[in-house]
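Enquirer: Line order of the protein sequences matches chains E and V. Quick note on the numbering used here: the first sequence kicks off at 1 and runs consecutively. Quick note on the numbering used here: the second sequence kicks off at 1001 and runs consecutively.
Treat the hints as calculated values from the structure; they're not laboratory data. Every residue gets a Cβ at the ideal spot worked out from N, C-alpha and C, and that includes glycine. Just so you know, not all the hints are guaranteed correct.
[Claimed, not checked] Straight-line C-alpha distance at most 30 Å; calculated DSSO-like pairs for lysine-lysine:
1) V:LYS1004 with V:LYS1142
2) E:LYS155 with V:LYS1142
3) V:LYS1149 with E:LYS31
4) V:LYS1393 with E:LYS146
5) E:LYS17 with V:LYS1004
6) V:LYS1229 with V:LYS1198
[What the hints assert, rightly or not] Beta-carbon label-pair distances, calculated as ranges:
7) E:ARG29 with V:LYS1035: 41 to 49 Å
8) E:GLY28 with V:GLY1155: 25 to 33 Å
9) V:HIS1377 with E:GLY116: 19 to 27 Å
10) E:ALA120 with V:HIS1296: 35 to 43 Å
11) E:GLU13 with V:HIS1377: 32 to 40 Å
12) V:ALA1437 with E:LEU15: 52 to 60 Å
13) V:PHE1067 with E:PRO26: 21 to 29 Å
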Amino acid sequence: MTESPNLVAFTPERLEKVNEIIARYPQGRQKSALLPVLHVAQEQWGWLSSEVMDYVAAILSIQPVEVYEVASFYTMYHLDPVGKHVIEYCRTGPCCLMGGEDVYGYLKQKLGVGAGETTADGLFTLKEVECLAACGWGPVFQIREKYYMNLTNEKVDEIIEDLSK
Amino acid sequence: MARKILTEHINVPGIETFDVYRKQGGYTAVEKALKTMTPEEVVEEAKKSGVRGRGGAGFPMGMKWGFLAKPEGVPRYLVCNADESEPGTFKDHHLMKSIPHLLIEGMIISSFALGANKSFIYVRGELLYVVRILEQAIEEAKAQGFLGKNILGTGYDLELVVQPGGGAYICGEETALLESLEGKRGNPRNKPPFPAVKGLYQSPTVVNNVESIANMSWIINNGGEEYAKIGIGRSTGTKLISASGHINKPGVYEIELGVSVEEFLNSDEYCGGVRKGHHLKALVAGGSSVPILPAHLIMKTANGEDRLMSYESLSDGGFATGTMLGSGGFIVFDETACIVRNTWNFSRFYHHESCGQCSPCREGTGWMEKILHRIEHGHGSMHDVDLLVDISKKIEGNTICPLGDAAAWPVASAIRHFRDEFVWHITHPQEATRPGAVYQGEMALV
Chain E
1 MTESPNLVAF
11 TPERLEKVNE
21 IIARYPQGRQ
31 KSALLPVLHV
41 AQEQWGWLSS
51 EVMDYVAAIL
61 SIQPVEVYEV
71 ASFYTMYHLD
81 PVGKHVIEYC
91 RTGPCCLMGG
101 EDVYGYLKQK
111 LGVGAGETTA
121 DGLFTLKEVE
131 CLAACGWGPV
141 FQIREKYYMN
151 LTNEKVDEII
161 EDLSK
Chain V
1001 MARKILTEHI
1011 NVPGIETFDV
1021 YRKQGGYTAV
1031 EKALKTMTPE
1041 EVVEEAKKSG
1051 VRGRGGAGFP
1061 MGMKWGFLAK
1071 PEGVPRYLVC
1081 NADESEPGTF
1091 KDHHLMKSIP
1101 HLLIEGMIIS
1111 SFALGANKSF
1121 IYVRGELLYV
1131 VRILEQAIEE
1141 AKAQGFLGKN
1151 ILGTGYDLEL
1161 VVQPGGGAYI
1171 CGEETALLES
1181 LEGKRGNPRN
1191 KPPFPAVKGL
1201 YQSPTVVNNV
1211 ESIANMSWII
1221 NNGGEEYAKI
1231 GIGRSTGTKL
1241 ISASGHINKP
1251 GVYEIELGVS
1261 VEEFLNSDEY
1271 CGGVRKGHHL
1281 KALVAGGSSV
1291 PILPAHLIMK
1301 TANGEDRLMS
1311 YESLSDGGFA
1321 TGTMLGSGGF
1331 IVFDETACIV
1341 RNTWNFSRFY
1351 HHESCGQCSP
1361 CREGTGWMEK
1371 ILHRIEHGHG
1381 SMHDVDLLVD
1391 ISKKIEGNTI
1401 CPLGDAAAWP
1411 VASAIRHFRD
1421 EFVWHITHPQ
1431 EATRPGAVYQ
1441 GEMALV
């Protein structure tokens, strides 16, 4: 079914986690594990190549296309290689009211990249996202699981410098 | 100080842990419900409370529970909708990260009431850190015998599963959420059948919002009738309001339903007023999808009565002069805000988030975004304003799920109340496209 199942494999710890996730659902409903397992896969590989998606399909006993259609529907899954840190910047109204567009302009200039691009050193990928449910603490961006809130140009300087070390 | 049901203990240090939560009276409602009440009695208390769905639709929760089909030998499911994604809304995020056990406790009581032995909390994928907080809380509750097999020796079994989404606003729609939970794209289902009959895995399912479920501990401890005494009319209880935009104190506030908009906006207990030196221009009271109102209509109804923070008062006047409480996303705009730019922004959001299943929404949201973009950037024509209204009417009511309505209303209402501002962008493109330029024509600021 999969072309190269042996080229990619979860680490033993992650495989254990994946099996624990699959066991959460009723018998025969293991497809429910797809979204959480894709998060685990992205944690390991940074992005979801077709090899990785085929591997996940095999683990869940579903067709590869069932993985592709899900991975391409949800915005959090990266279907192309990304930098070490993916900055997911909120571009929605309430953050804009708090100066989100100005800070975004500053961030783009500082990194020298636009939306969807990765810095030459491979450290940062910039992504525009919609509302992150943190409107009272805007402007906001997210890197992996961490929220960076009440952003200003100065805070952006600090964060980027810190993550560039 | 107003009465607090959900946030009374939210600032107690360590409240995210089982021990501290328990010391504040946590889990006594689980003991009471499981040991001294029947599931039917719990449902009855929910009905008496009059608590309405806090995710935006405002449908009475107890009545929704009453619709759940109970065929023999078929499992039933409770799914908590924690996919909070409506722009302007961040109350569930705040509640879950600060006091996770309040939701866990509510889930146990609600699952017991519905006869569910496996329940899910579907959390938007961006909040993976909140997923971990909830999983930790579940582990603690399990270790103390409040979850798992034979809870508190009552013979009732319950397993709670926290499910992360993958980033999709549409999964806040309950049937899209169920599709997603089954590992599929978040395409809303045609109804009927409703989830109460065929939901998760084709089994009877109830989907409730985080805040709705979190009310259950108080309702069981104090009784549905006591809950119904709080609030005003059919808007019973308290409501979490997410306040953002041009105010002095953005944040999440718990109000007793019925407090006036004026008090909520200006009192130091809540928003602390429009930011210093500025004036109120417009307000979105219930999340980005509800109609935007100009300052004078949000403070007073068209009849000159004080506008209150309640389902009924906010919708007074229909869409001609009113709006909706929705999810309680309270977004404040002062005179520096450009209505055209914000409408384009919201429109881009709905275009981005349309699942693509229904043509009026898939195509219409894109057209609206494109037209609003050209007006905002100085390339609009007078015909565009009516064209936008026309498109919005053709989306509204013509889609499987309410995302179409949610996309249509902000555009239609912005033009209804701020048409002059759209026209100015079209007739004064050079002025309007200067950085920071905002329409300065006649309008009533408060």
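Enquirer: Evaluate each hint against the coordinates.
Expert: How the hints compare with the structure:
no., hint, verdict
1, V:LYS1004 with V:LYS1142, "27 Å, holds"
2, E:LYS155 with V:LYS1142, "40 Å, violated"
3, V:LYS1149 with E:LYS31, "25 Å, holds"
4, V:LYS1393 with E:LYS146, "40 Å, violated"
5, E:LYS17 with V:LYS1004, "39 Å, violated"
6, V:LYS1229 with V:LYS1198, "35 Å, violated"
7, E:ARG29 with V:LYS1035: 41 to 49 Å, "32 Å, violated"
8, E:GLY28 with V:GLY1155: 25 to 33 Å, "27 Å, holds"
9, V:HIS1377 with E:GLY116: 19 to 27 Å, "21 Å, holds"
10, E:ALA120 with V:HIS1296: 35 to 43 Å, "53 Å, violated"
11, E:GLU13 with V:HIS1377: 32 to 40 Å, "51 Å, violated"
12, V:ALA1437 with E:LEU15: 52 to 60 Å, "57 Å, holds"
13, V:PHE1067 with E:PRO26: 21 to 29 Å, "23 Å, holds"
Checked against the numbered hints given earlier, this structure breaks hints 2, 4, 5, 6, 7, 10 and 11; the rest are met.
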